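Undergrad: The residues making up each chain are set out below.
Protein chains: 2
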Amino acid sequence: MVEKVFESSDDVRHATPLKYARTVTFDGPVRLELGGQLPSVTVTFETYGHLNADKSNAVLVCHAISGDSHVAKHNDADDPGWWDIVVGPGKPIDTGRYFVICPNLLGGCRGTTGPSSTNPKTGKPYGRDFPAITVGDMVALHGQLLDHLGIQRLLACVGGSMGGHQALTLATRFPDRVAGVAALATSPRLTSQALAFDVVGRNAILRDPHYHGGQYYDKPTGPNVGLAIARMIGHITYLSQESMSQKFDATRLQPRDVAVEFEKKFSVGSYLGYQGQKFVERFDANSYMVLSMAMDLFDLGGTPQELAATFAHAKCRWLIISFSSDWLFPPFQSRDMVNALIANNAAVSYCNVQSRCGHDAFLLPDDLASYGELLRAFLANLTGKPLGDVVEEKPSHGPTSIFHKRRVDYDRIVELIPPGASVLDLGCGRGGLLRRVKQKKHHRVVGIELDEKLVLGGIYRGLDIIQADLNQGLVAFADKQFDCVLLSQTLQAIYDVEGVINEMLRVGRQCIVSFPNMAYRDLRKMLAEQGRAPKAAGLLRFEWYNSPNIRFLSIADFEDFCQSHNIRIHKQLAFNTEEDTEVTDNPNLNADLAIFVISRD
Amino acid sequence: MVEKVFESSDDVRHATPLKYARTVTFDGPVRLELGGQLPSVTVTFETYGHLNADKSNAVLVCHAISGDSHVAKHNDADDPGWWDIVVGPGKPIDTGRYFVICPNLLGGCRGTTGPSSTNPKTGKPYGRDFPAITVGDMVALHGQLLDHLGIQRLLACVGGSMGGHQALTLATRFPDRVAGVAALATSPRLTSQALAFDVVGRNAILRDPHYHGGQYYDKPTGPNVGLAIARMIGHITYLSQESMSQKFDATRLQPRDVAVEFEKKFSVGSYLGYQGQKFVERFDANSYMVLSMAMDLFDLGGTPQELAATFAHAKCRWLIISFSSDWLFPPFQSRDMVNALIANNAAVSYCNVQSRCGHDAFLLPDDLASYGELLRAFLANLTGKPLGDVVEEKPSHGPTSIFHKRRVDYDRIVELIPPGASVLDLGCGRGGLLRRVKQKKHHRVVGIELDEKLVLGGIYRGLDIIQADLNQGLVAFADKQFDCVLLSQTLQAIYDVEGVINEMLRVGRQCIVSFPNMAYRDLRKMLAEQGRAPKAAGLLRFEWYNSPNIRFLSIADFEDFCQSHNIRIHKQLAFNTEEDTEVTDNPNLNADLAIFVISRD
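So the protein lines, in turn, are chains A and B. If you want our numbering, it's the position in the first sequence, counting the first as 1, plus 46. If you want our numbering, it's the position in the second sequence, counting the first as 1, plus 46.
In isolation and in its complexed conformation, chain A is listed as follows (with noise of 0.2 Å):
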């Protein structure tokens, strides 16, 4: 095992210097996952900022498939990093805080063993030869590499497309080495789409002429084409509809004049054709197979119940980021592994972030407000010291995000908890009265919201929100897998009652609704004497054409409901919250508010 201040680029291919980069050496034989070995295994990589005493600051980049060690500049006088953005002092990946790693893949070309390097067998580059690899193989030479640091348990993982294929493995390979997972833009495996692309682009760089089946190290030209072209397509699906659209519409048919032999009629054209040729001069054409092949290997599973076992083995918390406009990686899947977490009963926060941005968003700064402070805030709760509330914005009344403000028929709802019973809150907002609830040491709290900026204040303050539309059920839960559901003041502003209530009881031991009476007297006389829509303080103080209650009904209307569809009603409150005291004189004309708890059996 030796170690050096990586220097020159001798065993990389179209390397510009990495300066900083540091080498470390692994004799072999390597044993990789398909069956292949090697002799040795050389690992390129760069840290940023300090271990800390007890070393438990540590956290692991993994990169996508063209990336490198390079995650970000060491000094301002360094070459630019593939995620300045993200990693840097006072960055959401803090290396005033963090000691980052970062380390070139297993089959790259930029410093860590691949195609492009030396095979000691027989002195010349192992071309096709290199044997096939996996992201489990990658992921065990990230393991190997910690040892040589001595760090024993990472405080996280963080990754982006590939990069997260990485980190998902870590914490089911290895679960005592990392704390937290954040898995950005990724997915259980690819979609039949994304394979298909991949596909098409090793079919042009297999069919290349000059691609000499892999051995074209001492040809005066590789598969250039073939590797561009790969490129090219490679380069649309990480862009959205959108994004092209913004970037190139405009100028259509006023192509940049790039000194390429590409068709150049359109400007995305020349664009296209100026990205392949200069991925060309950086990148490996064999080193692009293997990975692109591993890529498409990866598999944590087909099926919810598979993907559930895979996730079974990890032990840590988890970030899931997925982005709205981003069709290579689309949103479902980081759903589908939300939800095979949630089946595990894993701690996991999830938000898909609005963007225009396709699956290139985690690495630019479009969004970064959103994911980099999610990625900040997550970390933050992994070393047990949330950051607390965000600055207090103004309420959001969105259908599944009323405001919740400290109130009596609040407190009523956590001392309606049983003690120590997990429990899950429709609609949690901010996570004002989920805080409440976990402070009383309840063992498993999770929170689902739909609102991005209300998912972020939730996990600012320490909690697991997972954002998700009511309306659309709560598919990922078993079966009673909570001792306790909430739907605080939610109900009114739900369009599909019945399905919402019905997947709360399936959820729930029990369940505690709570919404405000229609039937209240003040009500009453507003429409009868006014004959005006009811109005009132708090949650009715909207007009009735821009309410974000959609829904109206007394305590003897839920009573009728509970009656009709079976609902055992175990016990329910009422209140005045004008006056701020409970009712039990007749509460369908004196509360405006009530509580009920209720459960399917």
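Some hints could be false.
Repeated chains share a single entry, so a pair holds when one copy, or any two copies, can fit it.
[What the hints assert, rightly or not] DSBU-like mimics (lysine-lysine), calculated; alpha carbons at most 35 Å apart, straight line:
1. LYS581 <-> LYS170
2. LYS361 <-> LYS487
3. LYS617 <-> LYS119
4. LYS311 <-> LYS361
5. LYS571 <-> LYS581
6. LYS310 <-> LYS265
7. LYS170 <-> LYS310
8. LYS293 <-> LYS101
9. LYS311 <-> LYS170
10. LYS167 <-> LYS311
11. LYS617 <-> LYS361
12. LYS167 <-> LYS310
13. LYS324 <-> LYS311
14. LYS170 <-> LYS484
15. LYS65 <-> LYS170
16. LYS526 <-> LYS484
17. LYS311 <-> LYS265
18. LYS310 <-> LYS324
In case anyone wonders, no lab produced these hints; they're calculated from the structure. Bear in mind the structure is a predicted one, so any value in this text is a computation, not a measurement.
Go by the hints and put chain B onto chain A.
TA: Using the frame of chain A, we list chain B on its own:
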């Protein structure tokens, strides 16, 4: 000008025999839009059914990039056509009623003059000497064919994808030659994303060493790899992510054993390899280059203004159909066209068919019940004989589709519309009210409806219906574009009340709004005396938890709303629908339904 029955494949590269194809040769020189010319042009075409005596039943079907003249089989023994499910006796384009013509495209390789045809000057195939062509050139040739057939004016021109481009061009270039255009899965121009895929495909051909600058016809091998790569890319873009998942997920690692020299690791790979190779056997690479470039250059306008200016030349009636999962020609592009047609006061119907099949949906049976019936109804409307009421289904209760019954308030709404006024009905359902309005000889009558089935129902009735969600606004419509806008018994089902009312007041000189009155005596009593959410017959017959109605207002509330929003009330009527009487005494108490005539000024 010579016509002969097409017998041999002499002029056709890679052709299987087209038994019923005919050809006609037009002597040139044929001058082309981009400056080139051809000494003569041969068109291969097929016809179906019989031209009627007044030559008013001709339907031109335009094929997409890889199609040909064989749109359907001519009899049971004939080879399958590419649109057998749509064209034939009793089919949506009923060859028992219509005379169907389908020509192979200029630039193609299935009998019509293209790059593989013999250049009379050299005695060899044109190859890359074939001049650049446009969709306009293709359509000009369609015009010559129609002249040859003695058809002055088509009943309709129908096309999907690039076939749609031709149909749109015919309507705008030769407005007197077509009564109706049905354009499916098409666009005013390609998105930059779609363009990018074409560029990569052409690069794969162009840089294939066997391309030989396009003069490969006398070489042992043509650019087969490049063409196959281009086809594979194309094929992926024709399918949706969902349909590929359905096709390949289950057999991911079980490729079919096909004899192709492409990667066969995955099932999707063996499929694409096979498709690529099959295409090479039947298609000419230069044709692909020429046709895809013509498609990429097609551009009816990049802004709403440009598009509207292009469409201003057209005189026909329109049916625009998009497919929800089509990401190559995304639905928003069809909506852009519909909006431009609306701006021109053109007669247009639009439906975005909910489909899992992607761009190819218009060729597949899955959604035929939608797009096929839309086509059938549209063609019938063009003959002046609408198919009439579809079998009455259960009324839909979606947010913008309250079921209309014949009632006193309907009669009053029809009476309230000024004579000859142009009328827009928001949430028109199956067009029950609108049809009655139309019968009063209003010159322009348009309906908006969200539910796909109801849209079809309205078109069956001979109406122009545009599928749209009212909550998204009326962006397509200009200020004061309609004399009268109707919002009949729909207000209470709209979430964004202020948005929709503002929009209707912007678009209509006058607006007629009807809604149920929540302060009706019986409803007041229900809340005041029984303590239950008001419910009644008719529109308010639903339960609080499953009602399509999500806004509750009284007549007094609406009066207040008008005052606070600077809305002028011209007239207000009230009804007791149970008694079927008009109410003048204290309507806010005695009426259960109100009609307001309002305007912004």
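Undergrad: All the hints need checking, so say for each whether the structure fits it.
TA: These are the hints, each one checked on the structure:
| no. | hint | result |
| --- | --- | --- |
| 1 | LYS581 <-> LYS170 | neither (81 Å within a copy, 84 Å between copies) |
| 2 | LYS361 <-> LYS487 | within (20 Å within a copy, 72 Å between copies) |
| 3 | LYS617 <-> LYS119 | neither (60 Å within a copy, 70 Å between copies) |
| 4 | LYS311 <-> LYS361 | between (53 Å within a copy, 34 Å between copies) |
| 5 | LYS571 <-> LYS581 | both (10 Å within a copy, 17 Å between copies) |
| 6 | LYS310 <-> LYS265 | both (28 Å within a copy, 27 Å between copies) |
| 7 | LYS170 <-> LYS310 | between (38 Å within a copy, 28 Å between copies) |
| 8 | LYS293 <-> LYS101 | neither (45 Å within a copy, 49 Å between copies) |
| 9 | LYS311 <-> LYS170 | between (41 Å within a copy, 28 Å between copies) |
| 10 | LYS167 <-> LYS311 | between (48 Å within a copy, 28 Å between copies) |
| 11 | LYS617 <-> LYS361 | neither (37 Å within a copy, 69 Å between copies) |
| 12 | LYS167 <-> LYS310 | between (45 Å within a copy, 30 Å between copies) |
| 13 | LYS324 <-> LYS311 | both (19 Å within a copy, 29 Å between copies) |
| 14 | LYS170 <-> LYS484 | neither (61 Å within a copy, 82 Å between copies) |
| 15 | LYS65 <-> LYS170 | within (26 Å within a copy, 59 Å between copies) |
| 16 | LYS526 <-> LYS484 | within (20 Å within a copy, 57 Å between copies) |
| 17 | LYS311 <-> LYS265 | both (31 Å within a copy, 28 Å between copies) |
| 18 | LYS310 <-> LYS324 | both (16 Å within a copy, 29 Å between copies) |
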